[in-house]
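2 protein chains.
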Amino acid sequence: ARFVGPTTLDVDGHTHVEARAVVIATGSEPVIPPPFDAVREHVMTSDDVFEIPDLPESIAVIGTGIIGLELGQALHRLGVDVMLFTPFDELGPFTDPSIQALAHEIFGAELKLQLRSKMLSATAVPDGMQLHWTDSDGNEHRQIFERVLVAAGRRPRLKGLGLENTGLELDARGQPVWDPHTTQAGIAPIFVAGDASGHIALLHEASDEGHIAGANAMSYPEVTAHVRRTPLAIAFTDPQMALIGQHYSELDLDEVEIGTASFENQGRARVIGRNRGLLRVYGKRHCCTLVGAEIFGPEAEHLAHLLAWAVQQRLSVPQALEMPVYHPVLEEGLRTALRRLAKKLRVTGQCRCEDMAIAPGI
Amino acid sequence: ARFVGPTTLDVDGHTHVEARAVVIATGSEPVIPPPFDAVREHVMTSDDVFEIPDLPESIAVIGTGIIGLELGQALHRLGVDVMLFTPFDELGPFTDPSIQALAHEIFGAELKLQLRSKMLSATAVPDGMQLHWTDSDGNEHRQIFERVLVAAGRRPRLKGLGLENTGLELDARGQPVWDPHTTQAGIAPIFVAGDASGHIALLHEASDEGHIAGANAMSYPEVTAHVRRTPLAIAFTDPQMALIGQHYSELDLDEVEIGTASFENQGRARVIGRNRGLLRVYGKRHCCTLVGAEIFGPEAEHLAHLLAWAVQQRLSVPQALEMPVYHPVLEEGLRTALRRLAKKLRVTGQCRCEDMAIAPGI
Chain A
1076 ARFVGPTTLD VDGHTHVEAR AVVIATGSEP VIPPPFDAVR EHVMTSDDVF EIPDLPESIA
1136 VIGTGIIGLE LGQALHRLGV DVMLFTPFDE LGPFTDPSIQ ALAHEIFGAE LKLQLRSKML
1196 SATAVPDGMQ LHWTDSDGNE HRQIFERVLV AAGRRPRLKG LGLENTGLEL DARGQPVWDP
1256 HTTQAGIAPI FVAGDASGHI ALLHEASDEG HIAGANAMSY PEVTAHVRRT PLAIAFTDPQ
1316 MALIGQHYSE LDLDEVEIGT ASFENQGRAR VIGRNRGLLR VYGKRHCCTL VGAEIFGPEA
1376 EHLAHLLAWA VQQRLSVPQA LEMPVYHPVL EEGLRTALRR LAKKLRVTGQ CRCEDMAIAP
1436 GI
Chain B
1076 ARFVGPTTLD VDGHTHVEAR AVVIATGSEP VIPPPFDAVR EHVMTSDDVF EIPDLPESIA
1136 VIGTGIIGLE LGQALHRLGV DVMLFTPFDE LGPFTDPSIQ ALAHEIFGAE LKLQLRSKML
1196 SATAVPDGMQ LHWTDSDGNE HRQIFERVLV AAGRRPRLKG LGLENTGLEL DARGQPVWDP
1256 HTTQAGIAPI FVAGDASGHI ALLHEASDEG HIAGANAMSY PEVTAHVRRT PLAIAFTDPQ
1316 MALIGQHYSE LDLDEVEIGT ASFENQGRAR VIGRNRGLLR VYGKRHCCTL VGAEIFGPEA
1376 EHLAHLLAWA VQQRLSVPQA LEMPVYHPVL EEGLRTALRR LAKKLRVTGQ CRCEDMAIAP
1436 GI
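Residue numbers (the working numbering), protein chains in the order written: chain A, 1076 to 1437; chain B, 1076 to 1437.
Isolated chain A, as found in the complex (with noise of 0.2 Å):
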């Protein structure tokens, strides 16, 4: 179906709907860099890299996001030739510097890394594909290898669909401006859900957005707006990596205090052999609430939905220690890094923090 007016669709050409409201849910896919054009039907992405029958021998993996690093480390962990390429210097999702860092240095020291890296080239040859391209010394490189995966991001799923013909203000990138809270793309009766929105592409974002386009859709031209959950990614990465609430780089510096724990010396990541790892959690100065966290860890998955509910719960750093912990978990880590967040939100607290000193057992 596409639109041939602003509520108007033609569906195959062979029946017009004129629609009262419309939900576009048409997913995303993935985005092939240019030099990939050429010999995209000899690139993989995150859609068919499930369907491979056999290990291949080696792998390029283009691009070191989350699908990039979760692929790519699980690839090398079954034995695969990996190489991971991108044209930028980060590493997954996180943008607290720290963190970074320590990204840096852990997926380093496992995983062959391009980075700021230019791919000039791909090419395909009997044995696979040969890359050509210049590491961020400026050197050139020519590679053959067995197969190329492509993780270099997902893009909603708009071509054809006939927007130009609906009057929507589309964005820099072709996609309609569009309300969060009602998934409404502008004052239209046209709602946007999941990954065809462009804005959080996750299941249970996806989830959610469905549920208010749906009720939307239905009760057009009353739209109702709605609560978005508190912002959780988590990567399956080993150590895994999470972003809870505000990140980083969304803090006011002037605003926030961060308490810091490393997982190398915490007694139960010790316990079981995986004490790699940083967590950083963020409060903020005014009433000492909690705003965000970036983990890089073991387990991480689970402290991040333990902050994620305090982060939406607007928990305040004393409150959060006030909550039991037990012993011998990693959460206990967490702990570490709320008394230290509460120690300096102590001084520079603007709203009485010092009543963290009540609890017991702080």
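What the hints contain is simulated information worked out from the structure, not anything from laboratory work.
In this text, all values refer to a predicted model and were calculated from it rather than measured experimentally.
It is possible that part of the hints are untrue.
[To be verified] Derived contacts from chain B toward chain A, CB cut-off under 10 Å, selection only:
{"no.": "1", "residue": "Arg1304"}
{"no.": "2", "residue": "Thr1305"}
{"no.": "3", "residue": "Ile1309"}
{"no.": "4", "residue": "Ala1317"}
{"no.": "5", "residue": "Ile1319"}
{"no.": "6", "residue": "Glu1374"}
{"no.": "7", "residue": "Leu1378"}
{"no.": "8", "residue": "Trp1384"}
[To be verified] Covered stretches of chain A (in silico footprint by chain B; criterion: 3 or more residues with CB under 8 Å from a CB of chain B, positions within the stretch not fixed):
{"no.": "9", "region": "1273-1280"}
{"no.": "10", "region": "1303-1315"}
{"no.": "11", "region": "1369-1377"}
{"no.": "12", "region": "1380-1391"}
Using N, Cα and C, we set each Cβ at its ideal position, and we do this for glycine too.
With chain A held as given, fit chain B onto it using these hints.
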């Protein structure tokens, strides 16, 4: 040191101390059941099991509580021939009958259990210890075990303290009658902290009691009552066991609804091949508040923290369902139970629980 008067202590016969206030923090000691009295030197407890240099061929574990199951299962998985004994029918700390039933099924399939057995005698023999018992059907058995591990509970280490000279009111077990909010024994300037209190023998609770006892001993006769944390107990068996907030046995079943989720078909649990277990979460009909849960399942330790923090914050079930849950994670199993609980509370709840329909994606 021992009491020779209400606040007078005799230290090893050479020193008398007239104390302004006293903190008793003498810890606990293992309970040795009567059949093992005579062979006490030959049995191990959790105090010394970690000191043995080699694994025995066989071991009898006396007790099927947390310590008995944790150590019994661990030794079994290390290749030791393990048999567990209890005069009762209970396995682990569960008070919820459905979870007890599953614990019987799962532990029973892995471990040799002698439930409802009666230990008649224990005799040291050259190659270990001969136990003589009757099983649940009354049949007699005799068997030699290389080692015997007694894990039949611990009691406060109060013997020899001369508590009878303090004038303190003692309960049926000979322990001072005691206030968990102040750690004070009666109205005396005596404060009891940690396992010595016989209250909750957990490290984080003992730590809190140490803080409270220390502060109140210092400030006596000013004594401050402290809010205690939401109960949280975890056992590191596989699957893990956890109890949060009010136990099933403490519920007024006319006042609560129960939401249940099995881990058998839970997505993430299946992915990691650990899809065994059950989670039961309790919500109050009045205002739909979460009051507790019992969990038998993979990574229960983490779900238990999430729930304990929610219970301590008096979160309602609808509020809990507004919190983010990632995919694919074990926390989705918890959400399933909360959704089922919410559906029941919408019918029986007395506090506009129907508000729960508002949040997207519940």
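| field | Violated hints - listed by number, lowest first | value | none
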